[in-house]
Amino acid sequence: MQLRQSFWAAIIVLAVAAPLAAHHSFAAEYDGTKQVTMSGKVTKVEWMNPHAFFYVDVKDEKTGQIANWAFELNSPNYLMRSGWTKSSLKVDDLVTVQGALSRDGNKQVNASTVKLSATGKVLFAGSSDPNAPR
Amino acid sequence: MRFIAPLFRATTVAAMFFLLAGTAHAQFLDEWVNYKWKDVPRTADGKVNLTAPTPKTADGKPDFSGFFMPRDFSKLINIAGNKPEDIPLLPAARALYQQRIDSNGKDHPGAFCLPSGIPEKLSIPDGLKVIQTPNVIVFLYESRTIYRQVFLDGRKLPKIDTDDFQPSWMGYSVGRWEGDTLVVETVGSNGKAWLDMRGLPGTEALHVTERYTRPNMGIVNIDVTIDDPKAYSKPWSFKVTWNLRGDAELIESICEENSKDAPHMVGK
Chain A
103 MQLRQSFWAA IIVLAVAAPL AAHHSFAAEY DGTKQVTMSG KVTKVEWMNP
153 HAFFYVDVKD EKTGQIANWA FELNSPNYLM RSGWTKSSLK VDDLVTVQGA
203 LSRDGNKQVN ASTVKLSATG KVLFAGSSDP NAPR
Chain B
395 MRFIAPLFRA TTVAAMFFLL AGTAHAQFLD EWVNYKWKDV PRTADGKVNL
445 TAPTPKTADG KPDFSGFFMP RDFSKLINIA GNKPEDIPLL PAARALYQQR
495 IDSNGKDHPG AFCLPSGIPE KLSIPDGLKV IQTPNVIVFL YESRTIYRQV
545 FLDGRKLPKI DTDDFQPSWM GYSVGRWEGD TLVVETVGSN GKAWLDMRGL
595 PGTEALHVTE RYTRPNMGIV NIDVTIDDPK AYSKPWSFKV TWNLRGDAEL
645 IESICEENSK DAPHMVGK
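Protein chains in written order, with this note's numbering: chain A, 103 to 236; chain B, 395 to 662.
Extracted from the complex, chain A is given alone in its bound form (with noise of 0.2 Å):
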């Protein structure tokens, strides 16, 4: 029982531990239960603090709709330090961003993951999301 509980202990205290840098609630924002990967064409890249965002035309696959979704990164302090660099992300790339959806009903979702679709790399977002890959 010890180990088991120090085991989901650990997991934990690794979330909490991993260099997070919003400078808001993340839970108030977004909700981490309510995962979601969505792909499209950029349209626009806000490069600026206190949360870099970029906005991507998504296809609605069941009514073929296309609808413009936001999508915040960490700080481009944060993002710059992390490998980054401001044209990591441009208008029309493709990209498949996964992460967690709004909490408001708003088309705004914080990317934990962004992967590039010409070369395959996948970009870790700095999400302040505590579960999300770094």
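Take every hint as true, because none was put in to throw you off.
Taking lysine-lysine pairs in the BS3-like style, the calculated list, with each CA pair at most 30 Å apart, reads: (1) A:Lys209 / A:Lys136; (2) B:Lys662 / A:Lys164; (3) B:Lys500 / A:Lys146.
Since the hints were derived computationally from the structure, they do not count as laboratory data. From a predicted model like this one, the values you see are computed outputs, not experimental measurements.
Fit chain B to the supplied structure of chain A, relying on the hints for placement.
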């Protein structure tokens, strides 16, 4: 977080915590400016020697100058750690703390680009630069591009209950040396800052004592004591550790530039 609290008690877990925290920190190897600091001890591979002896000023005091990153980011989220019952909250403060926990911290000042105060600022994971002179130590914080001065010129703490005293987010700090320990006392908080992101409250009566030591080049330890008789029945303490980030530099960070989270902070 509440339900996992008992799990943290295993000492083996505590040991793993520091191991894992260190691992997480190690990913920050790439710096945006490739410029090496002058006049710092280096290892054979050219990196800043983090285990070199404590740097000293000309007058023999420990020199706290450098660029640092908090080691343990969990202190930002939750100072109380695994023992929230040990924090001697007064009833009104306890109710406020619970309300903030229950709403997932949606009203944290940071969501509105407002700064942290002391002590939360000690654990903000964007890093800070310390510049030490004999009469003042200046802390330049990347997050919010804000500063803090700690006066070492012998002045006393101001009286905060006067008309001409202006409370502030960072408060007013004076420091003194006790051997190789820098003791910093801070009063004059505006009472708006949370002590951590979980929501431990502070009031205008907050008096924070920080005891800084630098056992070697790479580490700064801070023993923090919170004394706020309007929120807590007695003083209580916790520890913070900073790691030196060799050759790192501040990057401007203007929160207002692209702040768009506040309208979506719904809480639950």
